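Visitor: Each chain, letter by letter, is given below.
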Amino acid sequence: MAGWLRSGPGGKSINRRGRLIPWLWLLPSFLFMAVFLIYPVIDTLLISFMNRDSSACAGAANYQYVFTNSAAQTALLNNALWLVFFTVLTVGLGLIFAVLTNRVRYEAVAKAAIFIPMAISFVAAAVIWRFMYTFRPEGFTQIGLVNAVATNLGLDPTAWLVQQPLPYIDLLLPAPLHTNNFALIAVGIWMWTGFAMVVLSAGLKGISTEVIEAARVDGASEWQIFRRIILPMLSPTIAVVATTLVIQALKNFDMVWVMTAGNFGTDVVATLMFKEMFNYHDFGRAAAMAVILMVALLPIIFITIRRFRSQGETR
Amino acid sequence: MKKELMKPRAGFEDFASRLKILLSRFPLHFFLVGIALLWMTPAFGLLTSSLRDAAAVANSGWWTAFQPPFEFTLENYQQVITQSRMGAGFINSLIIAIPGTVIPILVAAFAAFAFAWMRFPGRDILFILVVALLIVPVQMTLIPVLRLLTDLKIAGTFPAIWLAHTAYGLPFAIFLLRNFFVALPRELLESAYLDGASNMRVFFRLVLPLSVPALASLAIFQFLWVWNDLLVALVILQDPGKAPMTVTITNLVSSYGAQWQLLTSAAFISMILPLVIFFALQRYFVQGILTGAVKG
Amino acid sequence: MASFQAMVAPWHEKTGGVMEFTGTRDLMAILTTRVEAGNPPDVVILPNPGQMVELAGDGKLIALDSFLDMNRMRREYAQGWLDLGSVNGRLYGIFMKAAGKGTIWYNPRVFAANGWKEPATWDDLIAFSDRIVTEGKTPAYPWSVGLESGEASGWPATDWIGEILLHESGGKVYDQWINHEIPWTDPRIKSAWEKFGRIVFTPGYVPGGAIGALATGFIDASYLPFEDPPKAAMYCLGSFTQEFIADQYPGLVAGEDYAFFPFPAIDSRYAGAVTGGADIVVVFKDTPATRSFVNYLTSAGAQEIWVKRGGFTSVNKLVDLDAYPDALSRKAAEQLTGATIFRFDADDSMPSAVQKSFWEGTLNYLQNPDKLDSSLTDIESRAVEAYGQAGLIPE
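Residue numbers (our numbering), protein chains in the order written: chain A, 164 to 478; chain B, 41 to 336; chain C, 13 to 407.
Derived from the structure by calculation, the hints contain no laboratory data. Nothing here was measured: the structure is a model prediction, and the numbers come from that model. Just so you know, nobody snuck in bad clues.
Pair by pair, the computed Cβ-Cβ distance ranges are:
#: 1; chain 1: A; residue 1: Ile-201; chain 2: B; residue 2: Val-252; range: 29 to 39 Å
#: 2; chain 1: A; residue 1: Ala-219; chain 2: C; residue 2: Gly-71; range: 13 to 23 Å
#: 3; chain 1: B; residue 1: Leu-59; chain 2: A; residue 2: Ile-370; range: 24 to 34 Å
#: 4; chain 1: A; residue 1: Ile-466; chain 2: B; residue 2: Leu-78; range: 28 to 38 Å
Computed footprint of chain A on chain B; a stretch qualifies when at least three of its residues, placed anywhere within it, have a C-beta under 8 Å from a C-beta of chain A:
#: 5; stretch: 68 to 75
#: 6; stretch: 203 to 213
Yeah, the Cβ is synthetic: ideal placement off N, Cα and C, and Gly gets one too.
Chain A with its partners taken away, still in its complex shape (with noise of 0.2 Å):
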């Protein structure tokens, strides 16, 4: 890192009123976190081992209780159904985006179309969506874009905020994952996809074209180039990319909650712990939910410090 600058010519008493600077321009920050990140976040780890309104403690129960009551249960495998195909989706779309429009003229332009959802709020995607999504049964006029698109396709109009069987989904998915999830990440990864292409498309631009055209000239074809090539290289991106996805699946409220409150079995643990907190005013429960949360998110701050600290190493 960067040297030691001093704070003027030097001499002891310098270097004593030195020491404590650092700390004067640190005090604001430090303060500001402390009162409204840090102690929260103690109080709430306390709160989750004592009963609902923490009167008295209460062991581990509320712990036991998120991992039995089938309600909870939901709401954790909706996370991880947030976190598989959200992530992945959205990597995935963001990845195609980026090397199309690498190739093309009007890329800015391109990417700006993809990218502008990220500006709104999730009220207003919500708004959007669930407009997009509204049913009206079989034999009245749809009003909302998807199923006005599906019906003219033949389909049944479908309840895409609730659960509706669609009968090729359902044969592989088992009871528990409904498909109204889907219809909810689908929203999350319009708005997402944009972040992830731009980033992905930095990367990109990074990757030397020497080599890239050194293979080519080798007789590599594009897909073979893409996958030997431009992946490995691009894999640090990705994994930013990656993480940042996988702290919003799992800190995931607004938009579930706009849509649909939790209801018709799309509950994840952000909404479910709102729901404890201000429905069932049951504090040490909604406490363990946001203890968990947290600790499904431990490994997203390991990698991120260990992937901050290899890279100052290098600096």
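Got chain A; can you put chains B and C on it based on the hints?
Guide: Relative to chain A, chains B and C alone:
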């Protein structure tokens, strides 16, 4: 390279080969243009519906609006701005978002500078702590934070939410700025110090001006995050007169449930400013993501 | 909203006080946070006495009898309403804006054209529904059902179930039910659920079936009998539905183009029973402003303002029946005041945790009709926690 090779050719052959290239890439163009259009369709549907009247929206898909008679109207916007408090909501969103952007950046910049260019015991561990705090979900902090603000007798006021947003935005801001600061040319700063400049001088006269791109992208990030926030505003700002647009829209969804012509116009109003900012300052926005994300 | 403002306007003019109103479906969330944090609003209009009882039990509410003229209250409100608003003998809430729930909405012109008559008993109702399905006229569906309501999705189903239970098993069982003196798994409760299920699951009864009911909003669903051409024959929801219909179809005439008939009898002993709801005004902070405001709100004069505008039924005895703008709202008011057996809306009378569980339970039932027993058991376990923890017995 290719272009230069093509220059000496005759004009007609030039055109033919360009056309051939274009056609062979037709699938690519088709796919990309299609995707771009697809991506914009939902928002486009929103906009179109907001310009139609209630009966039209309830009885026919918005895609049917593009045939005669073309009946578009601005009455939904009128109603939503005056009767449904979206106008006040817009102002409130501004009041919340501007300080909620400026303050965290200022506070974070100081800390980032210390992390980047000063040496002190525990620096690395503390920075790791900051990185870890990036991941704490907001829900975990809400009730203790609200209790604290109430004890300080400022709950429900604008300053309270500025404080909250500052704290929530600090980890990312410090992370981003520190990464940018360490990449600044060392010689520049060293020579400034050798010339006798104090820390403050170096910070304000050298580091900050050089960091305008990073500051700009951070500002956009933070502004959008605060502008689009729902939960923090709902919980901390209880006064309905102070509700930002996200809260107002959520209330509209519950009271106007299926009246899509009103909901869509309200949603669109909340989208205008972020979209404008995004288009005008896209470059900084993208830079920000890259600096923060790729450089790690 | 506009009507509420209109009602408050004279108070504002007279006293200069300012009322700032927050409306939200997330009422429980926000209220909980603020109460926990020690910063509650001054006055809150709750949708149910269950919450009022909880809050009073926690000592968060100001007793209204400390500043209201109780003689006036006893003159203007039936004792039943005052009792409902009391906890441990002290008055904490006053009821405004009542709504009978036992109303089934239909289009009289369509009925006349098709030669249909309003059914009087449950069996008639089912037979009538079957008849509509087989006849295949317009409308093709006998029922419109809409349960979607964001976080509160499922509440219209709870209205159905409560009404059925009251008519099938009577007031005493109803009280036992909402006070959790009998478990949710009791066969009488299950029977009420199953009757509701009969309406939703019978093929051809509801457009889109159970899924359609889940995906349709409760306001949207009220339009079906009155569209041109009508899409369904009947819609069961409280008397406040009149407002939805009038807003959407301003050209229609109350009583001629849209009307309601009372919920049919199941057991003749309980015919004429009505469940109803009302908003309840409670006070968190005792200040001159809140005192004056609440005094005003509870007066007949104030309530008549909204009554005249429509969509508001008052339980204040002094409100002139002629103030009601049309025969339909008068009929609704009379149904409330003339009920042989009256019970407050079921889910609103339960602790909020049980209420939420009840709502979700109906959603689960509609998605998994064969899992009714486990849905009921789930609600039961929530109830045990909630009632046991608070140790309270709602009025």
